[in-house]
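Chains V, P, Z and L supply the protein sequences, listed in that same order. First residue of the first sequence: 1, per our numbering; consecutive thereafter. First residue of the second sequence: 1, per our numbering; consecutive thereafter. First residue of the third sequence: 1, per our numbering; consecutive thereafter. First residue of the fourth sequence: 1, per our numbering; consecutive thereafter.
Be careful, since some hints might not be right.
For chains that are exact copies, the list does not tell them apart, and a pair is met inside one copy or across any two.
Said to hold, decoys possible - Calculated cross-link-like contacts (lysine to aspartate or glutamate; reagent style EDC-like; alpha-carbon spacing at most 20 Å):
(1) Lys269 <-> Asp139
(2) Lys113 <-> Asp67
(3) Lys29 <-> Asp266
(4) Lys269 <-> Glu142
(5) Lys269 <-> Asp202
(6) Lys135 <-> Asp258
(7) Lys132 <-> Asp280
(8) Lys135 <-> Asp76
(9) Lys29 <-> Glu46
(10) Lys59 <-> Asp258
(11) Lys118 <-> Asp300
FYI, nobody ran anything at the bench for these hints, they're computed from the structure.
Chain by chain, the residues run as shown.
Number of protein chains: 4
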Amino acid sequence: MTINMALIGAGRIGNVHAQTIMNMIPNAKIISVADYYLPAAQALAEQYHIPLATPDHSKAIHHPGVDAVVIASSTDTHATFMIDAANAGKHIFCEKPIASTLSKIDEALATVKDAGVKLQIGFNRRFDTNFKRIKHAIDSGEIGTPQLLHIISRDPTPPPIEYIKVSGGIFFDMTIHDFDMARFLFGDVEEIYAAGAVLVDDAIGQAGDIDTTHITLKFVNGAIGTIDNSRQAAYGYDQRVEAFGSLGSASNANVFPDQVTISTGDMIKRGSLPVHFFLDRYMRTYIQELTEFVDCIQHDKLVPVSGYDGRVPVVMAMAAQQSYAENRPVKLSEIEKH
Amino acid sequence: MTINMALIGAGRIGNVHAQTIMNMIPNAKIISVADYYLPAAQALAEQYHIPLATPDHSKAIHHPGVDAVVIASSTDTHATFMIDAANAGKHIFCEKPIASTLSKIDEALATVKDAGVKLQIGFNRRFDTNFKRIKHAIDSGEIGTPQLLHIISRDPTPPPIEYIKVSGGIFFDMTIHDFDMARFLFGDVEEIYAAGAVLVDDAIGQAGDIDTTHITLKFVNGAIGTIDNSRQAAYGYDQRVEAFGSLGSASNANVFPDQVTISTGDMIKRGSLPVHFFLDRYMRTYIQELTEFVDCIQHDKLVPVSGYDGRVPVVMAMAAQQSYAENRPVKLSEIEKH
Amino acid sequence: MTINMALIGAGRIGNVHAQTIMNMIPNAKIISVADYYLPAAQALAEQYHIPLATPDHSKAIHHPGVDAVVIASSTDTHATFMIDAANAGKHIFCEKPIASTLSKIDEALATVKDAGVKLQIGFNRRFDTNFKRIKHAIDSGEIGTPQLLHIISRDPTPPPIEYIKVSGGIFFDMTIHDFDMARFLFGDVEEIYAAGAVLVDDAIGQAGDIDTTHITLKFVNGAIGTIDNSRQAAYGYDQRVEAFGSLGSASNANVFPDQVTISTGDMIKRGSLPVHFFLDRYMRTYIQELTEFVDCIQHDKLVPVSGYDGRVPVVMAMAAQQSYAENRPVKLSEIEKH
Amino acid sequence: MTINMALIGAGRIGNVHAQTIMNMIPNAKIISVADYYLPAAQALAEQYHIPLATPDHSKAIHHPGVDAVVIASSTDTHATFMIDAANAGKHIFCEKPIASTLSKIDEALATVKDAGVKLQIGFNRRFDTNFKRIKHAIDSGEIGTPQLLHIISRDPTPPPIEYIKVSGGIFFDMTIHDFDMARFLFGDVEEIYAAGAVLVDDAIGQAGDIDTTHITLKFVNGAIGTIDNSRQAAYGYDQRVEAFGSLGSASNANVFPDQVTISTGDMIKRGSLPVHFFLDRYMRTYIQELTEFVDCIQHDKLVPVSGYDGRVPVVMAMAAQQSYAENRPVKLSEIEKH
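Given only the sequences and the hints, what does the whole structure look like? Please build it.
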């Protein structure tokens, strides 16, 4: 059985999902694509022989034969499209974050629940071979009881300042992935303390954001964690985790395009810098997350990243924001009270 | 312009090429597939919507619109199909080795030359990011004048003994890749000394072959090289090169599925063994070699691996065979005389 | 000119200093040794042919010909012996920490200042080749403007619970070294937030201490730093730093007794665990710090680790203690006010 | 009981041994030192308070109380001094090689045997933690049955051309260490094939020697080995071994003065080059070999490197020399026949 999909959003990540579904997942295909900018939808449709290209997400969702909807549009539309897809009885794969307010998120999740459809959130990094191996080390008891977790997540270069201004801030735009990673590896968090600074570009500070942050997490299980974010690492994309437990540690190095060492009278160096672009680093995770989503539909399994998993990192980002603003540890329960 | 291809051979490597061409190379497609075992051709045709599946290689070659032929059939058929394709005026991508005798090879190459078509040989390892980086270190002068070259190339496990019996021997079946790598990196070879032994499996010796060999190469440029082959490395597929020159060295480590380190009270270990299967190790090289082949056709460029590049490693294997048999260094010129 | 030294304290670290001075520093020797437990002083005197062994630190200090005093006795005696040595006009090398109260430290430093003698504090890790190389990367501009600093400092096993009870707590006993390292690398700190937990051994918690801590530092220069301490790392002594700046990063791996890799069908592993014992990890730093101390005396140079450098980490430990107790960031200026 | 030693030879290696014995081995001391250049002997005597300095090796050997003789003089004197020491009933530690002719070696070994004294040869690399760990991997069965051995041994820079002229050639001067390492790890060798070239410096060729060699060894146990020697590695002292067996491999990386990685926008590099000088690389082996020698005397144990172990590498060097000269594999039994 082939799963027929509607794709909403034909931008960069929409193109990634289209390529994945059409070339890499034998038992799935896209049969309708929507983008408010019609030429983008049309270009994708032409490239992959997709029957329907439309500016209207609703038409794509209701196109005959659609089993599931992939939402890859801009963040502010996620919840609305999710509600529409759920009401149409379609399974949903939605890019993170679901929305920027808890009320909007909760409305969308309630609709999904009532509709009884599957919903998977696009926290793709969970599917990375490195982080899966570290997760396995934790779950299998290989490193004992979890005690300390360090997540380093640095971008090669900051996004354009115009993007920064509408991004929602570093905690919602960048750290959100790391909040999910923290939960994926060590479970739920109770309290957050966020230190932050503008060290990369003053313009980011003038836009009301920070570009460097170091966050301390206290997990419900008693462990302590940290997240280190910078908008700019000179040497490229830096994505590392160290999980430390009573019996040892599991940590990963960055990924390089080759494994070459060059030794000269001046230095011993790597043959190349780490892979620079997030698509190079994580390409296989995009294939894997959709492969599992399709598998969950076909065999009626639980999705690997639930709607609840999409909600909690937003709460964490809110707590981090407040902690940074007030320079004090903030409990997640404080956020939920509002 | 799309390059239309005929694929001859629908076995393992034929499937790899079909997947590559149909999913990964936008400006190429397969429009006919031949396999003497028709169901194999039909299965491929169905999967990739290929119009013609036939047991007759000639029909595939002459199918209307075919620009180029990919020969992925068994070794003993390579030269014949190459000659047929050349006579039909089609460009040719042919798996190595071209043939097992020099007369057959020379006949095929002469036909290709007369036909004026392009011919690329499938020495895919040249397209590996590791070996390309080492090649760059040599060509750019980064490591100075080449002096010593070490190639380590060990398989995870020996092939079935039935395969060994018809393989032509380790030098033709396994070392052939390394002979090409030696030429790719350091240029032509003058003399070969091959030591060999049966250390992995006595059955291999009983089949008249060896399973372990260490070969010394004297390059025309005065440098010295070695090739270390074993049919079995307990830890997996081992593919490494060290190029040493007057200004330094370039070497590569193996490729791992993750970059995780696990540290416990017992040991510090990698999160996994090296990638085990040659398709995992070299998947991208199959995409890259055909991408370049298509590009050479479209833009009338020289192919990166010529027919001559396909011929010389066979001469080298013959010299190694003789060296091992007689336990003395053998010059390549001795082989050419016959 | 040979520098003649009095050694006070013939315990473990006293023995290390004796071995260093007598075997490794050609232009220095010990001519008197004091330990309140006389047999310890006598054993050292016999081993190294030291003329005077005494239970009385004052006699050792005033022994004819003494130029400098090495204080390696228990922490509570450091300040008193420092004052006596300063009043006797002797140069002083003193183990850290100087004392556990600021008033006592300030009294000792004032006496040293008035006496005009040299005082070096035994923060030996500054002399480690790894941390010196990282320091050089920072000072030379190799990694640009400092932005983030991570110090990981984990012991192989906790000390005996009886030791924990009198240690002054993890911040004074263990983190003190890391506070110094933070200052050594990134300069002075303004504010500290310390998260802590009892994760290794409940008995440590019952003794009123914690065994795991993660500390966030805000540096005066705007950078953010962290210290990760655990009383127990299953795989051994873990001593690593990552300094991250606008142009890149400098980080070190642990030190291993060999550089061997063992590869089998089960795993790829290191030939050994990291060096386990702090004397193995840091032996050369003990030689280096005393070599430089002797050199500073002989050539009247500034010592590399001043009395002030000995004072500030105590203030930092006090701030960390208060931060942990009150679960809020604490400024160093709050401590100084008391 | 302290072992009293006579040291013959006060040059570079004599100084290393003196420092080791006087500072590092509590139960041994030097009580006489001889050097035909008396001021060298006198300088050593003064530095370490050695009672007798003499130009006459015989006086040093017969100095009252001498238990053992350390021969660190020039190679051509080794056998003579060994014979004299043996005849005086002293245990002997002798630098390699014993002599340059088999007849001279055999005479010396016969004398030692008749005298019943202990004789240890200074193949210090056997005591390196890296090579000991690899040896352990072999002996313990960790890597199964030995199949392939690769020794890489490259110097940072060639010695002065005047030294080359009297060195006896690269096989006797440089490879001799690696011949011993091959035997230490994989046992005795049956046949040798040596390829060689002048690639580093033409002056070395004009002096009748080569500066680059690659040697193939066939071991008695059926395994195959190689030795790669170059007089010049741009990046420093290169000392690596890979032992490959039926169950896996054991290999070592070079030794670095620090474990720092510097990552910038240009490159990921090591903080330093490998340790450059053989004394930095192997200092601990000099301590270890003499510590074990002293222990063997005190507890009447078998020495770890016997006179026979000193003889065989000379035979191997002769075979390599002949193989290179005649460009054919040479059996060790051919050398013994002469």
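Hint-by-hint comparison with the structure:
no. : hint              : in the structure
1   : Lys269 <-> Asp139 : between (35 Å within a copy, 18 Å between copies)
2   : Lys113 <-> Asp67  : within (17 Å within a copy, 54 Å between copies)
3   : Lys29 <-> Asp266  : neither (53 Å within a copy, 40 Å between copies)
4   : Lys269 <-> Glu142 : between (32 Å within a copy, 12 Å between copies)
5   : Lys269 <-> Asp202 : neither (33 Å within a copy, 30 Å between copies)
6   : Lys135 <-> Asp258 : between (25 Å within a copy, 13 Å between copies)
7   : Lys132 <-> Asp280 : both (18 Å within a copy, 18 Å between copies)
8   : Lys135 <-> Asp76  : neither (31 Å within a copy, 46 Å between copies)
9   : Lys29 <-> Glu46   : both (14 Å within a copy, 16 Å between copies)
10  : Lys59 <-> Asp258  : neither (45 Å within a copy, 42 Å between copies)
11  : Lys118 <-> Asp300 : within (9 Å within a copy, 51 Å between copies)
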